[in-house]
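Colleague: Knowing the structure of chain A, use the given hints to seat chain B on it.
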Amino acid sequence: MPREKFKTLTQQMYYILLCLGEECCGIDIMDRVATLTGGAVRVGSGTLYHLLEQFLAAGLIRETCAEGRRRSYLLTPEGRALLEQEYRRILAQAEDYRRVFGKE
Amino acid sequence: MKNHRYCLEFFAFYDHTAIQRRVEEMAAQGWLLEKPGNFLWIYRRTEPRRLHAAVTYFPTASPFDPSPSQGELTMEEFCAQDGWRLLARWGQMQIFVSQEEDPVPIDTDPMTQVETVHRSMKRAMLPGHLVLAAVILWQLWFQLLQFRQGPVGFLASTSSLLGVPMWLLLLLATLYEIFFYFWWHRKAVRGAADGFFLPVRTNRLASALLLGGAIFLLLFSAIGSRSRLGILLGGCALYGVTILLTGRVREMMKRRGAPKMATMVVTIGLAAIFASLSVWGMVAATIRGNLWREHPPAETYEFSGHTFSVYHDPLPLTVADLTAPGDVRYSTQAEREETFLLAQTRYSQDALLGEACGAPELTYTIIEVKAPFLYPLCLASVTKEDPLFETQYRPAEAGPWGAAAAYQMYRHGEPTSWYLLLWEDRLAEVRLEDLPLTPQRMAVIGEKLRTA
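Protein chains in written order, with the numbering used here: chain A, 27 to 130; chain B, 3 to 454.
This is chain B alone, in the form it adopts within the complex:
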């Protein structure tokens, strides 16, 4: 028989009404609260009993205090006088229970209660929520920058595309908490001035839906992508370890009576160091293990003391379609990203290093536009002039390619072997190395890329 029960609870920190009700309900079922937390609340088995619960706040308390302050102990004695027994502390929150039939409430003056709750919220929750909102806004700004820099890649990437609604949902959930609190506080102050308590009635379903929606989008964006799923799971595991480790260290320092400031500095410092190391470790592991690649290489080879990857992905257009490849060994790689708006596939056929010099090579990207209204945006993005490398696409003859329109790239005013071919619902950029263009080759390339 289990002696502990772990429950996911979505209480707002100031929602003393809901917390009291929940503690009483659980006690009636034979589960007494042992440890409250951000989401995970731990209850231990006990005899079912009818208890009265009271949630009150002590604004100057801190989760880093080595032990309860004299003030907290004094208040605990006052409460004991009225039959209230302390059940749990969680930062500024204190949860008491009483077995008396009709105990005198701990808070009997609404004005004092509202002020105490507000002082606790200002110290505990509101700064954290405001920092979180600022971080989310920064993330959304970063997403906007990514979109402006490369709208095609952004719209073809599930993680980028779903990242926007995910961050928006998180922002809404955070703002909902902040605004609902201030709405309640404003009404509670008015109520207290008239001498009555205003119960908190937060809509936890709305918060849970917003958070659940964000988590769903995060998971959905990682499904089907080996690298994103790996990074997501690795990130979650490291976050869990960080929370566990810093929590253990904080509790150990508190048990040993370390001063509040020392505990705070060590805990926060440790969290920052561990988070930085985790990010650095994940980046290093990603690079060393080629984890950013969607699929592992078919084989590897050594050249000049370095290891290189070889892929054997099928390509719609290969060097063999255009010329006899000889006995040159190639790596053929295809990387596809796709959303409901558009798909972008990058193909490359590169001769292995050390192979015959001047072997023909191919690189091309096909953009399939599923939402026609995005076509002008994609075209503008692809043909955008690059002032750094002084490149620009200039119109070229489309007929030989069998395309609706064609462009050739010029660099420093000189023509290059980069071409852009347009059809009704797709754009294809192709680069040829050591493959002189002939009308036959142009026709083959156009046909293959049109139907790929």
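This is chain A alone, in the form it adopts within the complex:
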């Protein structure tokens, strides 16, 4: 079944929103995600652009300032709640793992 939009976040969505916990310029998010994950997660430029547009339209982020085409964004309370929900989902998965294989 295709997942409902933003009901669960893809890895790329999750890290873009996570980076916008602090105000950040769109173009800098790619580097910030790579630094945050030690290079394990790379966000493509097309994916980043389209997701920022979608997050903005869904009210998950807001634009804080725009200088020409250089725009900065920040997570909204709705975005934060969604991120929190995703975090709890991941924690629940980790908990399930621990229940099966014990604490490691």
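FYI, nobody ran anything at the bench for these hints, they're computed from the structure. Using N, Cα and C, we set each Cβ at its ideal position, and we do this for glycine too.
Capping the alpha-carbon separation at 30 Å, the derived lysine-lysine pairs in DSBU-like fashion look like this:
#1 Lys189(B) x Lys124(B)
#2 Lys37(B) x Lys124(B)
#3 Lys124(B) x Lys256(B)
#4 Lys33(A) x Lys124(B)
#5 Lys33(A) x Lys189(B)
#6 Lys262(B) x Lys37(B)
#7 Lys262(B) x Lys124(B)
#8 Lys189(B) x Lys31(A)
#9 Lys31(A) x Lys124(B)
Pair ranges (Cβ atoms, derived):
#10 Ala120(A) x Val267(B): 57 to 63 Å
#11 Asp57(A) x Glu26(B): 24 to 30 Å
#12 Glu27(B) x Arg125(A): 48 to 54 Å
#13 Ile275(B) x Arg106(A): 55 to 61 Å
#14 Gly85(A) x Pro70(B): 26 to 32 Å
Modeller: This is chain B only, laid out in the frame that chain A set:
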């Protein structure tokens, strides 16, 4: 040495996988993509180099935009950050290349990619394909109507007969594109939900074969027919001029910064006006130049200020076979249409206008049925009653004609000089003007039409 190479490419608009591969292959051979298009892609010569190509889509872009939108430029900047350089734009499609060894892909989230492709397809390609499918269905319906109205003429006409498989092939090619896209999209959405990209694997050979088959049938139906070949070539030339002209106007308006809506209205309006004028011009040229005739007249003559054609085609049965024609001048014309199913030949011998009044004239049509199973259909079509003119064929004596069966036409209940003669594999309709029937004449007519 050529600096540009023009290639016929059969990519589906959403087939980013094949396009990427092709751009990379051509770059490795020293040809860099300059301009993509519906079928014709232009490459320019460059140093052979190993490039990575990426095809991505921008759903809100339009071929009528005077310049790239702020959004497109922003995305271009994002891509440049990762080392991707824009190579070409084609509507919603954007093609980037990178010289880096292992660049971060432009699309790294399959869910976002599938959604972007789908939004672009819904705006760009799918409406066009659906309109095309509707036009083809209308054409097939029109062909069916033609068959119902006159099955003999339809089955004897190469263009009508081959028109059906030609339109069917075009319909299949269009439906193939639509259904294959939705099949891929459905699977791609499922794949994206599981976190992986589903590459597009369209079978371009199937599309090329279907389109090639349709073009072959179109050309084959025109071979040997002066009028059809002329109309086909004229139509192709006018279509090419329309595409070229509207493309030039669109590019000129874009260069001058005209608003998107104005460019769209002018381009589409111009195409509609030019297409209408072309059709009108072709119809006028066809009528004025007698282009619908399969062969030109032998001579012309003037009568009451008008020009009339005179033909000297050989006829199997002439007035001279039945009576002394005197010194009346005639035009004798034969028009034949033939397919592997049946042949229909119309013959006429008409006195020139202004000649002696009451000169005998002949008109007859011979239908040769090559496929016996079609005989009942042909007979039913020819003997069908006409409620408008109240005509019907009634059985007549066949013996004097030497035919297997004979009918005479009645109009408003009165007998006319139209006769229908039947043999095992042919039907002949004959009309006599000012030629009273005698047993000798009937025998001559029957013999000549049977063996014609």
